[in-house]
Amino acid sequence: MTATLDTPATGAEPGPEETGRVRQPQRPVLELVPSSRREDVVATTDLTAEQIEELGRRLDAIRDRVLAERGASDAAYIRDVIRKQRALEIGGRALLFAGVLPPAWIAGTAMLSIAKILENMEIGHNVMHGQWDWMRDPKIHSSTWEWDNVSSSAEWKHSHNYMHHTYTNVVGKDRDVGYGILRLSEEQKWNPYYLGNPVYNFLLSLFFEYGVALHDLEVEKLVAGEKPWSRVWQQIKSIGRKAGRQILKDYVAFPALAGPFFLPVLAGNLTANVVRNVWSHAVIFCGHFPTGAVQFGEEQLDDESRGEWYVRQLLGSANLDGGRYFHLMTGQLSFQIEHHLFPDLPSNRYAEIAPEVRALCEEYGLEYTSGPLWKQYLQVLGTINRLALPNGKR
Amino acid sequence: MFRSAPPAPSGRRRLLDAARALTTPLLPEDFLTLVDPLWSTSSLRGRVVARRRETDRAVSVTIEPGRAWAGHRAGQYVGVGVDVDGVRYRRSYSLSGPEGSEHLTVTVQEVPGGVVSTRLVRDLPIGTIVELEQASGTFTLPEPLPSKLLFVTAGSGITPVMSMLRTLDRRGTVPDTVLVHSARTPEDTIFGAELAGLAARHPSLRVVTRHSAVTGRLDPASVDAAVPDRAGRAIYACGPAGLLDALTEAWDGVVAERFTPPARAAEGTGGTVDLGGSAVEVAPGQSLLEAGEAAGRIMPSGCRMGICFGCVLPLREGRVRDLRTGEAHGEPGDLVQTCVNSACGTARIDLP
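Residue numbers (the working numbering), protein chains in the order written: chain H, 1 to 394; chain B, 1 to 352.
Next comes chain H alone, as it looks inside the complex:
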């Protein structure tokens, strides 16, 4: 069965071969009910094992080609983005000092919002994926980068680079499914708490950076006794330190420097942080949860081959359509499919390999989910609203 935009996997009847593979999750990470909807890669496609391995080799060839081509122009690209981001941040903050004048406030807040979005998406996320480690510049390296976000880079690299990218869309392993507070899958057993699903999602989008930071705590593991309090306390202190620095900078130090213009600066900084949160939440949720993106069971991970890993990344991700600046502002996560296939290739290369990946998908009859942001986001909101209710059927 192939998941498509029009015939979502969500409501489909189980095929016999799928029912046979259903297993209970090993750990109570999310509260799951047995369901036939979880897929495995072989059952999700009409492909033979040989075809899947052949597809894997062809994707490897794309990766090898880009690796061989990396060079001075790629290095110049990321240095240019970093330079412009910092210039925007300085310019935005300077304009906000004149923020009693409405045009200056609007322009300053817009520039600071863009700077924060670039810092978070195109720079921070991608640098911490090791996409620029090949440059061997210690200033732009996954092991040294720290971002303007309340989760520390070390904690985030574990929850995102490792947990999410290794176990993409495997329900019960990929903690991005639901972020622990939302019901984003029918396999999360309904309870009255989930009536608030749309409200939680709205709050999560406003305070997304805090959601991401608290996500790392894996509170459900603490409850299940799989994680010691000492580790959680260590993480809380780390989040507190990082959050404290951002709060001091954006809500105390810069407003105080502005003296009588304390309030406009405070409001501009707060707005920029919220704009960044709402934007990154929208882009990230559209990457894996629109209709068409497939979720998998834990059994998928047993002896998964390179080719099967690729197919899971392909089917579990969704792209966003847009122009060059739109892609830049999403940190190229509008090429979520390419990013999940090749998380450590330089982000500026995703646009050029996307047509090749799409062509391969067509050739092998695999769904390449892509659509405009508004459409994908409405689908995500629809799913969140629908799953607030017990049966959640469409």
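Fair warning: there could be bad hints in the mix.
[What the hints assert, rightly or not] Calculated Cβ distances over 12 Å to all of chain B for the following chain H residues:
#: 1; residue: Ile82
#: 2; residue: Pro138
#: 3; residue: Pro192
#: 4; residue: Gly196
#: 5; residue: Tyr210
#: 6; residue: Lys227
#: 7; residue: Gly322
#: 8; residue: Ala354
#: 9; residue: Trp374
[To be verified] 20 Å max Cα-Cα, derived EDC-like pairs, lysine to aspartate or glutamate:
#: 10; chain 1: H; residue 1: Lys139; chain 2: B; residue 2: Asp85
#: 11; chain 1: H; residue 1: Lys249; chain 2: H; residue 2: Glu146
#: 12; chain 1: H; residue 1: Lys139; chain 2: B; residue 2: Glu331
#: 13; chain 1: H; residue 1: Lys84; chain 2: H; residue 2: Glu146
#: 14; chain 1: H; residue 1: Lys249; chain 2: B; residue 2: Asp30
#: 15; chain 1: H; residue 1: Lys139; chain 2: B; residue 2: Glu133
#: 16; chain 1: H; residue 1: Lys84; chain 2: H; residue 2: Asp137
#: 17; chain 1: H; residue 1: Lys237; chain 2: H; residue 2: Glu146
#: 18; chain 1: B; residue 1: Lys148; chain 2: B; residue 2: Asp252
#: 19; chain 1: H; residue 1: Lys84; chain 2: B; residue 2: Asp36
[Unchecked claim] Some chain B residues well away from chain H (every beta-carbon gap over 10 Å; in silico):
#: 20; residue: Leu38
#: 21; residue: Ser92
#: 22; residue: Gln134
#: 23; residue: Ser136
#: 24; residue: Pro175
#: 25; residue: Pro186
#: 26; residue: His202
#: 27; residue: Ala221
#: 28; residue: Ala234
#: 29; residue: Leu247
#: 30; residue: Trp251
For the record, the hints were derived by calculation from the structure and aren't laboratory data.
Glycine included, C-beta positions come from ideal geometry on N, C-alpha and C.
Dock chain B against chain H, hints included.
Using the frame of chain H, we list chain B on its own:
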């Protein structure tokens, strides 16, 4: 970012700390260096301000260092990081300028197939920003100066000795000194004219130039023939390993500087890796992470497939082999993914 800045005066320090609250998680200098890359206080950088061709194969590059540059002693070398095709390469070069000069100068001879030397010698635009390390090395003029000196050099081994001679020249006191220098041909002799000029200005300095293409390689016997009172001199030698081995074997008390790094095991996977202070055997095809864990080392790890970069550690010596591509790579200071790299001969890696 590198988080540790060198100690600054307490007033400036407090100002920097206050400014940090405004730039967190970056450092103030990450913004200041938008204006001038040399304003960095935590990482040292320099700007290429002049290039002078010494021979067909050698160029002197003059670099204006950032404020944190602590200067150098005659005979020391400096680590230089240069970007070639977007990748930073780090090499060490002897400083050829005199002690106390405002700018630093390295003289580089092109190595056939050498990535960095080729770039420095052929194509390094004025204005290029390079990464610098502080000068280091113990091959320096002793204090107080011996009354009689002998320098034996070959090829680009002349560079640290040139720094010493220029320093002595600047001080105006050159003790009784003989320099025996060998180059392949007269055209290949770096600083040939300047050495002749120095000898003309200082009667206490004698320069003996040899050309190996004509008279063969320099050896202890030919130095003895050229310098009859060799035994009474403090001896400093710099050049290819063969010459230095012969000199140190023939005479006692030779202070030698090897400018050719020890040969690296470029072929063959597997080897012995010093992981955080103790040796670990890495089998062919085994990752550094697997080998380290099998030997009981506590190592950072993550996805174990080269995706998450949770296992990255600094390579201090030697090279590693990427198990995905089979390619040997690595320079001292590089951060390597231990889950997809194996050993390539001997190497040293720091543990956190």
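Evaluated hints:
{"no.": "1", "hint": "Ile82", "result": "violated, 9 Å"}
{"no.": "2", "hint": "Pro138", "result": "violated, 6 Å"}
{"no.": "3", "hint": "Pro192", "result": "holds, 37 Å"}
{"no.": "4", "hint": "Gly196", "result": "holds, 33 Å"}
{"no.": "5", "hint": "Tyr210", "result": "holds, 16 Å"}
{"no.": "6", "hint": "Lys227", "result": "holds, 17 Å"}
{"no.": "7", "hint": "Gly322", "result": "holds, 26 Å"}
{"no.": "8", "hint": "Ala354", "result": "holds, 20 Å"}
{"no.": "9", "hint": "Trp374", "result": "holds, 31 Å"}
{"no.": "10", "hint": "Lys139(H) with Asp85(B)", "result": "holds, 17 Å"}
{"no.": "11", "hint": "Lys249(H) with Glu146(H)", "result": "holds, 15 Å"}
{"no.": "12", "hint": "Lys139(H) with Glu331(B)", "result": "holds, 17 Å"}
{"no.": "13", "hint": "Lys84(H) with Glu146(H)", "result": "holds, 18 Å"}
{"no.": "14", "hint": "Lys249(H) with Asp30(B)", "result": "holds, 16 Å"}
{"no.": "15", "hint": "Lys139(H) with Glu133(B)", "result": "holds, 15 Å"}
{"no.": "16", "hint": "Lys84(H) with Asp137(H)", "result": "holds, 18 Å"}
{"no.": "17", "hint": "Lys237(H) with Glu146(H)", "result": "holds, 16 Å"}
{"no.": "18", "hint": "Lys148(B) with Asp252(B)", "result": "holds, 16 Å"}
{"no.": "19", "hint": "Lys84(H) with Asp36(B)", "result": "holds, 15 Å"}
{"no.": "20", "hint": "Leu38", "result": "holds, 14 Å"}
{"no.": "21", "hint": "Ser92", "result": "holds, 16 Å"}
{"no.": "22", "hint": "Gln134", "result": "holds, 15 Å"}
{"no.": "23", "hint": "Ser136", "result": "holds, 18 Å"}
{"no.": "24", "hint": "Pro175", "result": "holds, 43 Å"}
{"no.": "25", "hint": "Pro186", "result": "holds, 38 Å"}
{"no.": "26", "hint": "His202", "result": "holds, 44 Å"}
{"no.": "27", "hint": "Ala221", "result": "holds, 46 Å"}
{"no.": "28", "hint": "Ala234", "result": "holds, 40 Å"}
{"no.": "29", "hint": "Leu247", "result": "holds, 37 Å"}
{"no.": "30", "hint": "Trp251", "result": "holds, 42 Å"}
When each numbered hint is compared with the structure, violations occur for hints 1 and 2.
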